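Colleague: The chain contents come next:
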Amino acid sequence: MAVNITSSAKTALLLISLLLLAPLFSAVPGDCQAALMVSDTPDDWGTSLTLLWDEPAFSVRGYEVWRLNVRDGPSPRFTPTDSIDASAALAAAGWERVGDADPEDSMLIDSGLNPDSSYSYILLAGTQTTKEVWGPTEPQAPVRQWLRYARTNILVVVLMFMGTVVLLVEWARRGAKLFIRRIAGLEAVEEAVGRATEMGRPILYIPGLDPMDEVATVAAVNILGQVAKTAGKYETKLVVPNRDPIVMAVAQQVVRESYSTVGKPHLYQEENVFYVTFSQFGFAAAVAGLMIREKPATNFFIGRFYAESLVLAETGNATGAIQIAGTDSDAQLPFFISACDYTLIGEELYAGSVYLSREPLLLGALKAQDYAKAIIIAAIGAGIVLYMLNPGIAERFAALFE
Amino acid sequence: MKKQGPIAVAFLVGFLMLVQFFTPNPFFLKLYNWVLDWKQVVLGCTFILGTWSLIRYHLTKIQRRKENWQYSYVTLIGLMVTVVSAGIWKTASGPYPWLFNNIQVPMQSTMFSLLAFFVASASYRAFRARTVHATLLLVAGALVMLGRVPIGNYIRGEVFGVEISLVAISDWVLNVPNLAAKRGIMIGVGLGMSATAIKIILGIEKTYLGRSD
Numbered sequence: 001m002a003v004n005i006t007s008s009a010k011t012a013l014l015l016i017s018l019l020l021l022a023p024l025f026s027a028v029p030g031d032c033q034a035a036l037m038v039s040d041t042p043d044d045w046g047t048s049l050t051l052l053w054d055e056p057a058f059s060v061r062g063y064e065v066w067r068l069n070v071r072d073g074p075s076p077r078f079t080p081t082d083s084i085d086a087s088a089a090l091a092a093a094g095w096e097r098v099g100d101a102d103p104e105d106s107m108l109i110d111s112g113l114n115p116d117s118s119y120s121y122i123l124l125a126g127t128q129t130t131k132e133v134w135g136p137t138e139p140q141a142p143v144r145q146w147l148r149y150a151r152t153n154i155l156v157v158v159l160m161f162m163g164t165v166v167l168l169v170e171w172a173r174r175g176a177k178l179f180i181r182r183i184a185g186l187e188a189v190e191e192a193v194g195r196a197t198e199m200g201r202p203i204l205y206i207p208g209l210d211p212m213d214e215v216a217t218v219a220a221v222n223i224l225g226q227v228a229k230t231a232g233k234y235e236t237k238l239v240v241p242n243r244d245p246i247v248m249a250v251a252q253q254v255v256r257e258s259y260s261t262v263g264k265p266h267l268y269q270e271e272n273v274f275y276v277t278f279s280q281f282g283f284a285a286a287v288a289g290l291m292i293r294e295k296p297a298t299n300f301f302i303g304r305f306y307a308e309s310l311v312l313a314e315t316g317n318a319t320g321a322i323q324i325a326g327t328d329s330d331a332q333l334p335f336f337i338s339a340c341d342y343t344l345i346g347e348e349l350y351a352g353s354v355y356l357s358r359e360p361l362l363l364g365a366l367k368a369q370d371y372a373k374a375i376i377i378a379a380i381g382a383g384i385v386l387y388m389l390n391p392g393i394a395e396r397f398a399a400l401f402e
Numbered sequence: 403m404k405k406q407g408p409i410a411v412a413f414l415v416g417f418l419m420l421v422q423f424f425t426p427n428p429f430f431l432k433l434y435n436w437v438l439d440w441k442q443v444v445l446g447c448t449f450i451l452g453t454w455s456l457i458r459y460h461l462t463k464i465q466r467r468k469e470n471w472q473y474s475y476v477t478l479i480g481l482m483v484t485v486v487s488a489g490i491w492k493t494a495s496g497p498y499p500w501l502f503n504n505i506q507v508p509m510q511s512t513m514f515s516l517l518a519f520f521v522a523s524a525s526y527r528a529f530r531a532r533t534v535h536a537t538l539l540l541v542a543g544a545l546v547m548l549g550r551v552p553i554g555n556y557i558r559g560e561v562f563g564v565e566i567s568l569v570a571i572s573d574w575v576l577n578v579p580n581l582a583a584k585r586g587i588m589i590g591v592g593l594g595m596s597a598t599a600i601k602i603i604l605g606i607e608k609t610y611l612g613r614s615d
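Here the protein sequences come in this chain order: A and B. The numbering of the first sequence is our numbering, which starts it at 1 and goes up by one. The numbering of the second sequence is our numbering, which starts it at 403 and goes up by one.
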């Protein structure tokens, strides 16, 4: 009997709730639908929806955003009523409050959604006295996207550039002669190593301060390989202090292999390629001390450098060493240019290993860089001409690259 | 295998990292974060390698009585004291923060402040007006420097009926020719980076493995 009473009470409560909510789940005025729009958020894995709403004509104190997981079927209708607080009614009907927005906002991204579900939204615009109800919207499911469409332009450029590299490498493989302009800093490498040999002093090579995952460090290690081969050929001591232990491990391997390549594996001594410290100025102090004590005849500063660049280059200059620097950090270039004999500027750093090895395959890749630069220059020129002719078209043209 | 293995790993990792940049697929995001986590693990392990390298370098120096070998004791004792104090009293209290704040920080500051003197000597060499280029550099440098200090605000005049201030000239030098040159360099750097990355992914560049064959 008790069970029956409880179930009757539950049924009665449910009926009362439905009666109270009945007017809420009915037709909705069309202008409310138009004011709130839901769309799939681009460039995600179906985990969010974007809500956009129009600025209302009346003064708003803030917005409440409510969501209902619909899954299948149409969304329940909701009509405002003065008798029940809209927020309480929505909560009672199973809607979830997903966020609030400020009066000046007109957009909200609802994230953490399931791409296999559909969602309906209601926006409550709070005024001084009441809450205006916008929605509910038609059920919308977030869509899984495989491609970040905002990066399509980058993808196209990357594929074109990769294609050019492969094409020119193949061209070089077939024996095409590719012209590469003279780079003074790289021409001087042999002379600089020769000078150290004649003077009986070591060569100092610093592969920058950045870790191995920076492309500048990879380029520096590539050039180190070529310098180590020349040093091995002339049997000159090569000293490589490092700031990063991973770079040290790679540098040790590169120097060892380079000595082996020129048939001088016995020249390799692990203590000459060593770790100093991770501290930036601690490293600068240690290397400056090394320069003063050992007085290397040739210093190479190749890779990414920061404020310590001038400390290193000026100390090397004071010891009378011939200095070759190469960096892609534009802020350090003036310091290297004023304190070193030769400086590889920007892209020349990345061309170093190719230039020194003169391998046809690598030359092909280098040539692709030149063609890509020509295309960029042409695009800049086209942009300038378009801007002079029609700024509107020029802006659309510029948007392609954003 | 010794040659092909690392190239295959470089290709696979490089290709997957390239793909993750273009797709929002959570698998690739997880993979990317996993690689970053492993990078930290590898870095931690290589610090042991680095520390051992440092110890061996200085022990060899002491053993062979190389020039200024006595200072190697300072390095080794400093390393031991720092490690031991951090191990016993941790890094938040005890001797470690004292060592850091009263020895390391002042020494680093000293090295940094030395830059002022090095800038002076480098500028002196760069600004010697021996060639047309050096003269141009000197003039541009002087204009920019004067335009950046308070007195620059008061240097102004009328040229062909147009009011020109030194600050405006300084800004123009920085924002037009200087920025144009910088952007030119940056475009070249971007292409160089991309080309190097592509060469490594495709296995064309192998010098970083210690061999180019």
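None of these hints come from the bench; they were simulated from the model. Only a predicted model underlies this, so the values are computations on that prediction, with no experimental measurement involved. You may find that some hints are simply not true.
Restraint ranges, calculated between C-beta atoms of paired labels, are given here [what the hints assert, rightly or not]:
{"no.": "1", "chain 1": "A", "residue 1": "Leu389", "chain 2": "B", "residue 2": "Thr512", "range": "52 to 60 Å"}
{"no.": "2", "chain 1": "B", "residue 1": "Pro428", "chain 2": "A", "residue 2": "Val157", "range": "48 to 56 Å"}
{"no.": "3", "chain 1": "B", "residue 1": "Leu461", "chain 2": "A", "residue 2": "Ser111", "range": "38 to 46 Å"}
{"no.": "4", "chain 1": "A", "residue 1": "Ile384", "chain 2": "B", "residue 2": "Val443", "range": "47 to 55 Å"}
A virtual CB, placed ideally from N, CA and C, is assigned to each residue, including glycine.
Colleague: For every hint, state whether the structure bears it out.
Modeller: For each hint, the structure was consulted:
Distance hint check: the CB atoms of A/Leu389 and B/Thr512 are about 58 Å apart, consistent with the given range 52 to 60 Å. One distance hint, 48 to 56 Å for the beta-carbon pair B/Pro428 and A/Val157, is violated here, with the actual separation near 26 Å. Between B/Leu461 and A/Ser111, the C-beta spacing of about 56 Å breaks the proposed range 38 to 46 Å. At roughly 50 Å, the beta-carbon separation of A/Ile384 and B/Val443 lies within the given 47 to 55 Å, and the hint holds.
Hints 2, 3, counting from the list given before, are not met by this structure.
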